[in-house]
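4 protein chains.
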Amino acid sequence: MSESVVAAVSYEFGRTEVAEIPMPDISDDAGLLRVEMTGVCGSDWPYYQKYPGTKGPLILGHEPVGRVETLGRIARDRFGVKEGDRVALEEYLPCGHCKYCRSGDFRLCDATDTLNRPDAVRYGSTPISRAPSLWGGYSRFQYLHPNSVFHRVPDHVPAKQATLALPLGNGVEWAYLQGKARIGEAVVIQGPGQQGLACVVAAKEAGASCIIVTGLSTPADERRLALAKQLGADYTVNVDKVNLFDAVKDATGGEMADLVIDCASGGTETVVSAINLARKSGRIIMGGRKFKKIPEFDSDVLISRFLTVKGMRGHSWDAVELGLGIIASGRYALDGMCTHTFPLAEVDQALRTVGGQGLPGAIHCTVSPWE
Amino acid sequence: MSESVVAAVSYEFGRTEVAEIPMPDISDDAGLLRVEMTGVCGSDWPYYQKYPGTKGPLILGHEPVGRVETLGRIARDRFGVKEGDRVALEEYLPCGHCKYCRSGDFRLCDATDTLNRPDAVRYGSTPISRAPSLWGGYSRFQYLHPNSVFHRVPDHVPAKQATLALPLGNGVEWAYLQGKARIGEAVVIQGPGQQGLACVVAAKEAGASCIIVTGLSTPADERRLALAKQLGADYTVNVDKVNLFDAVKDATGGEMADLVIDCASGGTETVVSAINLARKSGRIIMGGRKFKKIPEFDSDVLISRFLTVKGMRGHSWDAVELGLGIIASGRYALDGMCTHTFPLAEVDQALRTVGGQGLPGAIHCTVSPWE
Amino acid sequence: MSESVVAAVSYEFGRTEVAEIPMPDISDDAGLLRVEMTGVCGSDWPYYQKYPGTKGPLILGHEPVGRVETLGRIARDRFGVKEGDRVALEEYLPCGHCKYCRSGDFRLCDATDTLNRPDAVRYGSTPISRAPSLWGGYSRFQYLHPNSVFHRVPDHVPAKQATLALPLGNGVEWAYLQGKARIGEAVVIQGPGQQGLACVVAAKEAGASCIIVTGLSTPADERRLALAKQLGADYTVNVDKVNLFDAVKDATGGEMADLVIDCASGGTETVVSAINLARKSGRIIMGGRKFKKIPEFDSDVLISRFLTVKGMRGHSWDAVELGLGIIASGRYALDGMCTHTFPLAEVDQALRTVGGQGLPGAIHCTVSPWE
Amino acid sequence: MSESVVAAVSYEFGRTEVAEIPMPDISDDAGLLRVEMTGVCGSDWPYYQKYPGTKGPLILGHEPVGRVETLGRIARDRFGVKEGDRVALEEYLPCGHCKYCRSGDFRLCDATDTLNRPDAVRYGSTPISRAPSLWGGYSRFQYLHPNSVFHRVPDHVPAKQATLALPLGNGVEWAYLQGKARIGEAVVIQGPGQQGLACVVAAKEAGASCIIVTGLSTPADERRLALAKQLGADYTVNVDKVNLFDAVKDATGGEMADLVIDCASGGTETVVSAINLARKSGRIIMGGRKFKKIPEFDSDVLISRFLTVKGMRGHSWDAVELGLGIIASGRYALDGMCTHTFPLAEVDQALRTVGGQGLPGAIHCTVSPWE
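Residue numbers (this note's numbering), protein chains in the order written: chain X, 1 to 371; chain F, 1001 to 1371; chain H, 2001 to 2371; chain V, 3001 to 3371.
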C-alpha cells in the first residue's frame, strides 16, 4: 500500500487543499475504506463554515461509498463485511452499548452526537489532529473506526446514486418510519432540496396518494419542483406566487395534510405554515433547522387541533437499508437528482455549490477522489 | 313526570340562577337522564366567562353521573343502556358516521368540536335557546341526545368519585394512551390541578417508576402536591423555590424525563420547561392552553434532541372506561380529590371556586342538583 | 314508488327464484337503497349451502353499490348521506355502542357477528322472514337498517369495480392494516382468488418489493396468476409443479417472507406452508378457513422462530375507504378481475360460478338487478 | 491471578464434576467475569440432557451475576463497563452487525441462535472444547466474549434476586413488550413456574386488573400458586379441580382474557386452552415448548375470533433493564421465588431440582460458586 493518502483537507472556511496524509497503521479492530465516491451533504456547508475554526483542519464528507480495502483481525469478525465488499458507510460511530445502541436507535448515541456533545466523534466532523486523521470522505481512503456502520451496495448501482443512500435514508426515516406516511394520505413537503426530494420518493413508496412539494420562485427551485413531479409528486406549489394554504386545501378536497414535513432551512415561516397545513390530528416532522426562535409559535393550535410535532434528523439503519433497496430497484429516476461531480481539487467549489454560492442547479453533488 | 325541570341557568358571567325549564317531549331516538351529581370541569370557568355572551343563556356542566330516566323507542336499541341504568355521560355528541367516528376517534368529530366549529353541539356548551334546552349537567335532568355516549357506573362507586370519570379519562388519555407512559419511565407532570393529579394516577397505573409533579408556592398548590404524593408521585417540586431542571436531573439520575405532561394553564414558561425537561427522544404532551404565542419557542431543540410534542385535549371512549375501572378498583385515595360539593343554588360559587375566585382549596368540585 | 321489489330469493340450496317482495314502509331511522350492482362474495357459496336450511329463505348478496333512494327523518341526520348519493354498503350492522364499536373495530361487534352469534343480523345473511325482508343485495332495492355503514363512491368509478370495495377492503385490512406489509418487504400470498389478488394490490400499494402469489395447476388458477402479475406480483408459483419453499427462498435471496397471507380455503397444508415460509420473526395472516383441524401444527416452530399468526376476516371502515381510494385512482387494472355479470334471474348460476361449479374463469362476479 | 479456574463441568447427563480449567489469556477485545452467583434456568435441564452428548463436556449456566474482573484494551471501550462493575450478563452473544442486531432485536441474531443454528455460540451452551472453555456460569469465572451484553446491577440488590434479571426480563418481554398487557386488562398465565411468576410481576406492573394463574394439584404448584397471589395474581386456578374456562369466565365477568400467556411445557392441552380462553381479538403468547405436534389445533378459531398467537422466547435488552428496575425497586416479594442455592459441587443436584427430579419446592434456584 502506498505510504500516504491523498485527501482534501479544509484548513479554514474557504480554503480546502489537496494534501497527503500519512497512511495510518490499522489496528486489529479497525480497517480502511477505498473511497469510490462521496456525497456532499447539505450539512457540509455549515460544517465547513464552523468546524475548521472550532476543531481545526479536517477532511469533510460523510456520505462515502467504496470498497473495503483492509480489515484488522478483530474487525474481520466484527464488521460483517470482508475485504473487497462494496459498502456505504453511515456517518455515525455509535458506542454499541448504551441504551440507544442496544435498542436499535444508535443515531441517538451520545458518543456520536456532535450536536449535543462537542467532543463526539463522527465521520466528516472530526479533525485530522485526532489520529488517524482520515475521518472524512473527501479522500481516497477513509479510516474504518471499530464502531463503523456498514450497508452493502450492489455492484449494479452507479456510484452517484449509491451516495444517495444516506439522503434517501433520511427521506425514509422522516416521511415513513417517523412521519408514518401511509396509503392514501396527503403529504406536504416544504423545501424541494435533496432532502425534500428524498421525502417525495419515500412518501410515494409508502402509497401516499397526494404528495405536494413547495418551493420558491428561484430558477433552482423551479428545476427541483419539476424533478419532484418526475419522482412522484402530485402537485408542486411556488409559495411566492400561490397561497399555500389554499393550494393544499384545493389539492386535498378541503381535508388538508395528514403529514407535513418541513425540510426548509432558515426561515421561521415554514414552522408556522407546517402547523397550519396539517389536518386535525395530523403529524408534522420538523427537519430543517432555523437557528432562531419562532415567535409566532402558538402551542394552543397543537392542542385545539390535536397535532403532533416531531423534531427529526438523520436516519436509522433500517431507513438506509430501505433507501438502498429503493435505489437498487431502479424504479425512480434518481439520476436526475445527481447534478454535479467534483474532483478532490475542487472540493471548495463542491461545498460552495451545495451552499448556494457556487455552480447553479445543485441538488445532489458528489466528490470523486480518483478523478 | 313533573312538568318542569329545575336547573341552574347561566344568564351572563356572574349570574347563574335556578330556573324551571319546561320538561321536553322526548323523541323516539332520545332520552332523559336523572342527574345524580355533576363534576365542575376547569373549562367551565372560561365557558362561563364567554358563552352566555356569545351563545346566550345556558346550563353549564358536562361531567354528569346519573340514572337513565326515560328512553325513546329507538334510543332503547341505540344507546346500549336501559331505564334505571347508572351511567356517566361524555360531553361529546359525535355524528357517528364521519371518518373520526368510524375509526374510534369520535372526540375529533367536527359535529361536537366546539373549539373549531362554533355551531357544534356539546353538553354543557349549548344554549337553552336550542331545543330542548337541557344540555347541561347543573340540572336535575339532562337531555339524552341521540348521539350521547354512555359509560356504565357500578353502584358501589360514590357519586363524587364517579364524576371523576371524565377527568380521570383525560389523565389516562394524556399520560397513557397518547403519552405512552410505560414501566420504568420518568414522567414529569406540570401543574397539580385535577388534570395533573389524574395524570399521576394514570402514570402510576402504567408502571412509571419516577413521577414528578410541579406546582407553585401557593397554599392551594401545596395541598395539591401533598395529595399528588398520596396518589403515587415520587417527587413534588415547588418551582418557586427549587430549580426545576436540577430537580428533575437529580430525581432521574441525570437521564431527564421520558415524558413531560404540561397541565398548567396560562403561562408560556411551562411550554419551554416541558421541552427542556425531556430526555433525548422524549415525549411532551401539551394539555394546558396558554391563550398567547410562545416567543421563546425554539423548534431547533426539537430537532437536535429528537423530541415529540403532542397537543391534546379530551379523551377517547377507552380512556374513560379505563378511568372508571381505576375509580371502581378503589386502589387510589380519590376521595382526597373531591373537595367541594354545591347545590344548584350555588353554581355561581362552584364556578368561581374552580376559577380560583371562590372557596379555597378546590381540586374536584361537584354540583349536587337534588340537595 | 312501486308497491313491490323484485329480488332473487334463495329458497333452498340450488333454488333461487326471482320474487316480488312487498315494498316495506321505511321507519324514521331507516332508508332504502336502489341497488346498482352487487358483488358475489366467496362466502356466498357456503351461505347458499347453509342458510336457506338453517334460517329460511333469504336474499343473498352483501357487496352492493347503489344510490340512496329514501331516507327516514332520523336517518337523514344519522347516516351521513343524502338521497341520491352513490354509496357502497358494508355487510356489518354494528350496534354502535359496545366497546368494539366505540373503538372503531365494529366488525367485532357481537350484534353483527354471524359466525359467533347465530341470531346476529347482517346484510346477505338474514332471512326474509325477518322484516322488512330486503336484507340482501341480489335485489333491486335493499333495506337501509339504522346501523348501516356507508362509503361514498365517486361517480366516475364503473359499478363492477365499485363492488370490489369490500374485497379490496379485505386485502387492505389483511395485507396492510393487520399484516403490516411495508416498504421493501417480501410478501407471500397463498391462493390467487379474489381475496388473494386484493392482497397483491394492497401489498403493492404498501411498497412491498417482492410479492409472490401461489396457485395450482388449474386453468382457473393459471389465469389468476397471470392477472396477479399484471396487478403487481413479482413472482407466481404453481405449487403443483414447483417446490414452494425453494421458490420463496430463491425469490428472497434466502431471507424468506416477512409476511405470509393464507387466502386458500379448505386444505390444511397451506397452514403448515405459511408457517414454514415466514422468516424468523415473520408474520402470518390466516384468512382462509379450513373447516377441519390441523394435525401437523407445531407450536414449537412459532416459538423457535418468533412467529406471529393472526386470524383475520373482514375489514375495518378505514380499509374499505383505502380500498375505494385505490379503485378510484385507476392505477390498477381491476377490470381484469371483473369476470362475470349476471342478471337477477341467474343468481343460481352466479353462486355456482363463484363456488367453482358454474361458468369457468370466475374471479370477481357481480349481479346486476336491473338488467 | 490464579492459574486455573474452578468450574462445574457437565461431562455427560448425570455427571457434573468440579474441575480446574486453565485460566485463559484474555485477548484485547475480551474480558473475564468473577461470578458471584448464577441462576439455574429451566432450559438448563434439557441442555443437560442433550448437550454433553451432542457437543461434548460443557459448563452450563447462563444467568450469571458478578463483577468485571479483567478487561482487554479494546474491550474497555467496547463493553461500556469497567473493572469492578457489578453486572448481569445475557446468554446471547450477538454478532452486532446483522439486521436484527442493528435494529435492537439481537436475540434473533443467527450467530447466537442455538435453536436454529447448531454451531451458534451462547453462554451456557458451548462446550469446553471451544477455547477458552469458560462459557458457563457454574464456575468461579466466566469468559467475557467480545460480543457480551451487559446490564448494570445496583450494589443493594441481593445476588439471588439479581440472578432473576433474565427470568424477569422474559416476563417483561412476554407479558408486556410482546404480549402488550395494559391497564385494566385480564391476563391468564398458564404454568406457575419461574417464568409464569415473572409474567405475573410484569402484568401487575403494566396495570393489568385481573391476573389469573393456573397450576396443577401438586404440592409444588400449590406453593407456586400461593406465591403468585403474593406477587399480584388476583385469582389462581387448580386446573385439576376446577373447569378453567368457567373460572376465567367468572373472573372476567364473561369477557374472557385479553391476553393468555402459555408458560407450561410439555402437554399440548395448554395450547388449546390458551386459544379458548382468549376473548374475541385477544392475544396469545406461546412460551412453553411442547416437543410434539398439536393435533387439536384449529386455525379456524383464530379466524372466527380474530386471535393473534405469537411464539416467544428470551428477552430484549430493554426487557432485562426493566426487569432489573423492578427487582431493584423492592416492590415485589421476590425473595419468595428464590428457593434453593447450591455450591459448585452440587450442580448435578441443582439441575435435577430444576428438572423436577431433585429437591422439592424449586422455583428459582441458584449456584453459588465460591461457597
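To be clear, the hints were calculated from the coordinates, so they are not data collected in a lab.
Where hints are given, some of them may not hold.
With a cut-off of at most 20 Å between alpha-carbon atoms, the simulated EDC-like pairs for lysine to aspartate or glutamate come out as follows [stated by the list, open to error]:
hint: 1; chain 1: F; residue 1: Lys1180; chain 2: F; residue 2: Asp1300
hint: 2; chain 1: X; residue 1: Lys50; chain 2: F; residue 2: Asp1300
hint: 3; chain 1: H; residue 1: Lys2280; chain 2: X; residue 2: Glu296
hint: 4; chain 1: F; residue 1: Lys1292; chain 2: X; residue 2: Glu296
Evaluation of the provided hints:
1. Of the pairs offered as hints, the one joining F:Lys1180 and F:Asp1300 is violated, with about 24 Å between alpha carbons and a cut-off of 20 Å exceeded.
2. Using a Cα cut-off of 20 Å, the hinted pair X:Lys50 and F:Asp1300 holds, with the two alpha carbons roughly 18 Å apart.
3. The hinted pair formed by H:Lys2280 and X:Glu296 fails the criterion: a straight-line CA distance of about 50 Å is larger than 20 Å.
4. A hinted pair counts as satisfied when its Cα atoms are at most 20 Å apart, and F:Lys1292 with X:Glu296 qualifies at roughly 10 Å.
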